[in-house]
Structures are given as C-alpha cells and as structure tokens.
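*Asks:* Sequence:
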Amino acid sequence: MDRRSFVKGSAGIVGGLALGGVSGAQDQGAIQIGSDIPYKPFEYRERDGTLVGFDVDIAEAIFAGELDREYEFVQTGFDTIIPSLRNGNFRIIMSAMTINDQRAQQVDFSDPYFVAFQTVAILEGSNIQSLDDLKGETVAVQKGTTGEGAAEELKQEFGGDLTIDSYDQITGAFNALLNNQAVAVINDNAVNLQYTEDRQSVTLLQGEGQAAEEFESAPPYLTLTVERYGIAFRQDDDEFRQQVNEALNAVIASGRYAEIYTEYFPGEPPQSILQRGQGTTTATGNATTTGNATTTGSETTTE
238 MDRRSFVKGS
248 AGIVGGLALG
258 GVSGAQDQGA
268 IQIGSDIPYK
278 PFEYRERDGT
288 LVGFDVDIAE
298 AIFAGELDRE
308 YEFVQTGFDT
318 IIPSLRNGNF
328 RIIMSAMTIN
338 DQRAQQVDFS
348 DPYFVAFQTV
358 AILEGSNIQS
368 LDDLKGETVA
378 VQKGTTGEGA
388 AEELKQEFGG
398 DLTIDSYDQI
408 TGAFNALLNN
418 QAVAVINDNA
428 VNLQYTEDRQ
438 SVTLLQGEGQ
448 AAEEFESAPP
458 YLTLTVERYG
468 IAFRQDDDEF
478 RQQVNEALNA
488 VIASGRYAEI
498 YTEYFPGEPP
508 QSILQRGQGT
518 TTATGNATTT
528 GNATTTGSET
538 TTE
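Under this note's numbering, the first residue of the sequence shown carries the number 238, and numbering increases by one thereafter.
Bear in mind the hints are in silico, worked out from the structure with no lab data behind them.
Warning: the hint list may mix true and false statements.
Below, simulated DSBU-like cross-link-like pairs (lysine-lysine); rule was C-alpha separation at most 30 Å, straight line [what the hints assert, rightly or not]: (1) 372 <-> 392; (2) 380 <-> 277; (3) 380 <-> 392; (4) 392 <-> 277.
Restraint ranges, calculated between C-beta atoms of paired labels, are given here [claimed, not checked]: (5) 483 <-> 505: 33 to 43 Å; (6) 389 <-> 317: 12 to 22 Å; (7) 457 <-> 401: 20 to 30 Å; (8) 473 <-> 398: 41 to 51 Å; (9) 285 <-> 395: 43 to 53 Å; (10) 473 <-> 317: 14 to 24 Å; (11) 418 <-> 479: 37 to 47 Å.
Glycine residues also receive a C-beta, built at the ideal position from the N, C-alpha and C atoms.
Construct the complete structure from the given sequences, taking the supplied hints into account.
*Replies:* Right, dumping it as structure tokens:
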C-alpha cells in the first residue's frame with residue numbers, strides 16, 4: 238500500500254497518548270495529524286470515503302515526499318484541537334489554522350503556507366447589503382475559529398446588538414444560513430467561496446475591508462481580516478518543527494506547492510510563499526486578484 242492510499246484510508250479517531258515520551262514514540266511510527274473534517278476544500282471526504290483536500294495533499298508532499306514518513310489524519314473538533322495536541326493525541330495540527338498571538342502562547346507554528354481572509358457569506362437576494370445590515374441579526378460561525386473571533390469583534394462594534402450561533406462544524410453554520418436561522422456565515426474566504434460554487438443560492442458580501450487597507454489590490458468581496466495558516470506543533474517539539482519547515486520550503490521550491498494550490502484554488506499562489514522557496518523568508522508587495530482568488534505579496538510569521 239502506498240502512502241497516499243494509507244493516509245486517505247486511515248483518518249479516524251486515534252486513542253490518546255500520555256504526553257511523556259510521545260515525541261520519541263512518534264519518531265518511530267506514523268505521524269499523526271490532528272484535523273477538523275470536513276472543511277472543504279482543505280480536508281474533506283469524497284463519497285467513497287477517500288480523504289482529500291489542500292491540507293491533505295500538502296501533508297503528502299511534506300511527509301511522504303520529503304521526509305519519507307508514513308502519516309495519518311486524526312479527526313477532531315476544531316474547538317478542542319489545541320488541547321488535544323498538547324495532550325499528545327497527535328503530533329501536529331494541519332487544519333487551515335490561522336497563526337495568531339493567542340494560539341502562539343500554546344503551540345509553535347511552522348512558516349505560513351496559506352494566506353486567507355475572513356469573509357461574510359449570505360443568501361442571494363438577501364436584505365444584507367453591507368456590514369452594518371448585520372446589526373440586530375444572527376450570524377453563524379464555527380466554534381473556536383477566527384471566524385468566531387471576527388464575529389465577536391463585530392458584536393462589540395455593534396454594542397452587543399448581534400447574535401452569534403456557534404456550531405461544532407462549518408457545515409452546521411451553513412445549514413443555519415440555508416434554513417434562514419442565520420443571515421450570514423462568517424468564515425475563511427476559501428471555504429466560503431467553495432460554498433458559493435457548490436450552491437447558487439449563496440454569495441459573498443461585497444465591499445472593501447482589511448485586504449484593501451493592507452494591499453493595493455484586493456478581492457471584490459468584503460474582507461474582515463488578513464490571516465496566514467501554519468502547521469501547529471507542541472512547544473517541546475522544536476527539532477521536528479525545523480524538519481517540517483525545511484520540508485515545506487523544499488515542497489515550495491520544487492514547484493509542487495504551486496501544483497497543489499492550483500488544483501484547489503483559482504489564480505496564482507501567494508508570491509510571498511513562493512519566494513520563500515527561493516530562500517526568502519519575508520517579502521512585501523501587493524496583492525493580485527485573479528477571478529475569485531486573491532494572492533498576496535506580504536507575509537509575516539508569529540511564533
């Protein structure tokens with residue numbers, strides 16, 4: 238059985254491990270990767286149960302391709318994913334996780350491998366035409382995400398006049414939108430855009446936002462934040478984190494990252510990430526928009 242078949246057939250619940258000696262034990266066996274599934278297009282199952290997605294393919298390129306290691310995905314809820322990592326239930330997190338200061342107090346991050354925005358998904362023909370129209374309404378989010386955090390900040394701006402319904406998985410949030418239990422879903426742009434592609438009744442709220450403030454060119458839809466995703470590690474796993482960082486940059490340099498990116502997203506990959514594969518760890522520039530995709534030329538790391 239090749240490693241691709243191994244990972245796609247093995248994403249299940251793996252029993253917890255005592256923290257002591259975890260790194261040593263996992264150095265000898267398959268690398269266990271904590272991930273919230275489904276979260277299309279980053280990690281999700283096809284009808285036959287095959288696990289696919291951007292994170293899944295990046296993991297294959299890093300661990301099977303560069304490190305020659307077996308690995309498996311461990312399905313876990315996003316709101317408990319960091320405590321589960323710290324308890325030794327898996328070795329790393331790959332789950333479209335935004336790098337931020339709050340999380341960096343609990344885990345260490347790899348270099349960024351994706352640039353994202355928090356956006357607002359609404360129903361076509363909705364009365365929601367601007368961010369202010371959300372005041373007094375109900376929005377749906379996923380628990381423990383930066384989308385939930387963006388909604389909380391918006392609630393403060395509205396003086397508390399916003400109801401936030403949090404769901405265990407993002408599918409629950411979108412079901413609430415489709416069933417008119419919420420007027421919007423606040424979530425990452427790539428996932429929200431996937432829902433607009435899958436369902437003609439869903440669209441993104443238009444307007445300028447954080448991306449327009451940070452970049453000369455920005456997407457046409459409203460952006461509440463600009464974020465970078467990273468692979469999360471326990472804070473006692475520095476040597477392995479360095480190995481994974483080197484492997485990630487090798488994947489970028491080889492062109493494999495760009496190939497994977499274009500399989501899941503329109504437009505070109507973020508130039509700031511591609512430049513890191515050429516030996517550049519920090520780059521600044523403009524964002525360019527191609528269709529629904531926006532790539533950025535600026536990158537920062539929080540560790």
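*Asks:* Does each hint fit the structure? Answer for all of them.
*Replies:* Structure-based check of each hint:
1. 372 <-> 392: holds (8 Å)
2. 380 <-> 277: holds (16 Å)
3. 380 <-> 392: Cα-Cα ~16 Å, so holds.
4. 392 <-> 277: Given pair residue 392, residue 277 holds - Cα atoms ~27 Å apart, limit 30 Å.
5. 483 <-> 505: 33 to 43 Å: Hint violated: Cβ distance 24 Å, outside 33 to 43 Å.
6. 389 <-> 317: 12 to 22 Å: Since the Cβ atoms of residue 389 and residue 317 sit about 19 Å apart, the hinted range of 12 to 22 Å holds.
7. 457 <-> 401: 20 to 30 Å: holds (26 Å)
8. 473 <-> 398: 41 to 51 Å: holds (44 Å)
9. 285 <-> 395: 43 to 53 Å: Holds, at about 45 Å.
10. 473 <-> 317: 14 to 24 Å: Since residue 473 and residue 317 have Cβ atoms about 20 Å apart, the given range 14 to 24 Å holds.
11. 418 <-> 479: 37 to 47 Å: With Cβ atoms ~46 Å apart, the hint holds.
Comparing the model with each numbered hint stated earlier shows that hint 5 is the single one that does not hold.
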